[in-house]
Amino acid sequence: MRRQGDALATTVECAEAIEEAPPPRPEWKRVVRVFSRRKLAVAGLVIVVLMVLVAIFAPLLAPYDPYQTDILTKLQPPSSEHWLGTDSVGRDTLSRVIYGTRISLLVAVCAVALGAFIGQILGLLAGYFGGWVYTVIMRLIDAMMAIPMIVLALVISAVLGGGVKNVIIALAIGGIPGQCRMMCAQTLSVKQNDYVLAGRTIGVSNLRMMLRHIYPNAFAPCLVMMTIGMGATILAEAGLSFLGAGINPPTAAWGSMIDGGTRYLLRLPILSIAPGIGIMLLVFGFNMMGDGLRDALDPRMRGTV
Amino acid sequence: MFLGIIVLLIASVLVFVMMHVLPGDPLLLFLGEQYLSYEPEQLDKIRHEMGLDKPVILQYFDWVGGVIRGDLGSSLTYQTPVTTMIKDRLPVTLILSFLALLVSTMLGPTFGVIAAIRRGKWQDTTLSVLANLGITLPVFWVGIVLLYVFSLKLGWFETLFTPASEDFGKFVMSLIMPVFCLSLFGTAAQTRQARSAMLEVAHQDYVRTAWSKGLRERVVVFRHMLKNGLIPVVTTMGMQVSFLFGGAVMVEKVFNIPGIGRMLVEGVNAKDFQVVQGGVLLMAVIIVITNLLVDMAYAWLDPRIRQSYR
Amino acid sequence: MATLLEVKNLHTQFKTDDGLIKAVDDVSLSIQEKEIVGVVGESGCGKSVTQLSVMRLIRPPGEITSGEIIFEGDDLMKYEANGPEMRSVRGAKIAMIFQEPMTSLNPVLTIGRQLTEMLELHKGMSHGAAKKRAIELLDMVGIPCADTRLGDYPHQFSGGMRQRAMIAMALSCNPRLVIADEPTTALDVTTQAQLLELMKAMVEEFKSSLVIVTHNLGVVARYAQTIYIMYAGRIVESGKCKEIFGHPRHPYTIGLLRCVPRIDEEEGRKLEAIKGLPPHLGHLPGQCAFLPRCTHAIERCRKDPWPELRMVSPGHHTRCFVNPEGGSQ
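Residue numbers (this note's numbering), protein chains in the order written: chain F, 711 to 1015; chain E, -11 to 298; chain S, 19 to 347.
Some hints here could point you the wrong way.
[Claimed, not checked] Derived DSS-like pairs: lysine-lysine, alpha-carbon spacing no greater than 30 Å straight-line:
hint, chain 1, residue 1, chain 2, residue 2
1, E, Lys109, S, Lys33
2, E, Lys215, S, Lys150
3, S, Lys33, S, Lys321
4, S, Lys150, S, Lys218
5, S, Lys149, E, Lys215
6, F, Lys749, S, Lys33
7, F, Lys749, S, Lys40
Don't read these hints as lab results, they were simulated from the structure. Please read all numbers here as calculations on a predicted model, not as lab measurements.
All chains should be built: construct the whole structure from the sequences, respecting the hints.
Written out as structure tokens, the structure reads:
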């Protein structure tokens, strides 16, 4: 806000400038435009939206109740009544696959959101305050990262017992280190900007500085990480359920369905294969969205598709 | 290095705390069915002998003390020292992981570089599609599909795992599918990463300078771009190992391989806390060492970092 | 003196998310042997892209859509951008010095390597001979302890020294033409002066021609014999140095000259900036692009499309309807 000829802007003018000008955010209109140019990214978005719709309207779409057993029709191959056949206690595979979207999406969204929430707060604090806060938080994160995510989630999930809630907690904890590190790095970088320094000189409170000035600018790469993290979380949840430490039958979760199908692999491979396809689709959708988002938010986008 | 030890200490605390927060009485496992036949005082006596009635903090220090001496305690399920179990099972997991790492480190960046320098052409499209697919595949699911197709249907491979001591030839054969499975994600992820790193480098000013000197494409790519582009690839090596261990856990279950992953899963399910602590600590140690090696490699690659070590 | 490089009606475009950008719009230049030419303009006027086009270093999404680039009688446009002919020209016959010495030098290769690779490639020297010559070159550009410096990396040099190394690189194969793209913009004033003197001395020694691309009129005033002034992708005025400075004909040139503080002017004269900002190259109007900022505009400027380059005196061309010195053109 320098006016030509005015060698010094007064402190008051600075303060007004900071208060009235919102911190620069990525121009969302441009982001949307660049995003929509990448076909893969849009395809990913479409897939995700479709899956969400399937999850929401599962009761309408599924031909049978996913919990309803019928020993007489167990282990049926795909037929006109049961498009994907039935499982070992006679439940319709197609319905279970459809209902599986609910679990996968629910767990993924909650786990990523929770992990991001905690991770970002920690990262913001570590980056902003530096010093011993940074050291303590970062060492903790390093320790967490020294343990493979699956193993960490496995142990936590087993300790707490299985079930949706505990799986969410376990996976959220697994996701904290990544978000924390990213937010910390971004905070450190944003902190260098002049408007942060200017704010300090006029006495903007720490809390306000972090929330209003630093966070919105640091957020973008974390958002990309969250989107790609959705894919990783879905895979992790499936893995946990497969190992028996996650969400078990009778709940219709893709991972445990795959595990359950291994015993009948030769006879009825569709039991294990079908849920896997569901996982792949959903993860693919989120990954492509994440890629597109990353390119769209990159300020150095070179104008190529 | 000092940092690494601190990290390990914290990790050990974490895992110890986790295991000792669990509900349920470890003695139940230890004694099995006979648990019910014991009087409470007898149970207390056994607890005291095993040191389970001490405050958690003391138990932790006992354990750490043991670790330094090389004693990781005993498995409640198997009644054998954890160190023995590890000695038996670690080699397989290491071989499996090492081979998978080798494959993914050699193929991944190679594919990525090819895709980058032939950007937009068929090589790029094919490789990118395959790579994008590769990161969506659940490791265990691929294993199951492979088992179905190649073992059950085609009969090329056995479903049972053969240890090296029995028959080396069969051992090698039985490793092929698991290694393939395990390396899939890593290869795909590294392809994507190498590709994006190389594309990034391609836009740098110094690459433009290289072109302006009239150098051939091969020279520009290999002498000017490669070293710079591979630096991020090296940095993620530590994470690669982390993912590999995670994948090994699943692959070992699918293919019935008696490795550390299996040991860990069984231990967790049986709440055999000594085993779990020992296993997790082991993994953490390996990962920390890998990260250290990565830091050294990074310094060698980037002369700017080398400076700060002088 | 013979014409070394003749650029005729060059058009270079970029396809971006924001539309089609005409970075170089009908540009024609002529560079004689042993001449020093200045290309002047604000950021984004297309001066750098013109030079990159000459070297055929434009990559997608950019493209040279038409024009001729005649170097030593040969049209470079008829060769493949990365073919053996162009590669034998780049570095060996036409060399470029870039603006940012830190980012323009490869951080993981030694300075020596970046020098010797050119000598080995274009001069066919052996590694040992190339090293010797490299030391000589570094010496020539004023880098002390050249033999030990050969094994150093770019980050171990200061900004001025890096640029000297770049100059050495550019001249290493005795090119006929050296293009210096804002070579001193990133450096402090004292270093600027030293390096410009160095470049002048070097091209005289090697009997090459030099193109200096800059936004700094002071630089061209001192060194260039011919000057081209660019605006919004086009040449708006060109001529001999003395002519341009003595009798500027385009309002933009006049504006530029007024911006420069002079030691011999009256006290109290205000520095006049050219009001407004340069136009967006993707949204150029049909008429003169300088119109919104011009203080000499007449009715015709608003109605007619942008004028062609016309000669106003021998060797002096301008792209304007108005004669600021009075009378028409």
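Hint-by-hint comparison with the structure:
Between lysine 109(E) and lysine 33(S), the direct Cα distance comes to roughly 19 Å. Compliance with the 30 Å bound is thereby established for this hinted pair. At roughly 26 Å between alpha-carbon atoms, lysine 215(E) and lysine 150(S) fall within 30 Å of each other, so this suggested pair holds. For the given pair, lysine 33(S) sits about 29 Å from lysine 321(S) by alpha-carbon distance, which is consistent with the 30 Å threshold. With a C-alpha separation of about 24 Å, the suggested pair lysine 150(S) and lysine 218(S) falls inside the 30 Å cut-off, and the hint holds.
For the suggested pair lysine 149(S) and lysine 215(E), the alpha carbons sit about 23 Å apart, so the restraint of at most 30 Å is met. For the hint linking lysine 749(F) to lysine 33(S), the alpha-carbon distance of about 18 Å falls within 30 Å, and the restraint holds. Distance hint between lysine 749(F) and lysine 40(S) is fulfilled; the C-alpha atoms sit about 27 Å from each other, no more than 30 Å.
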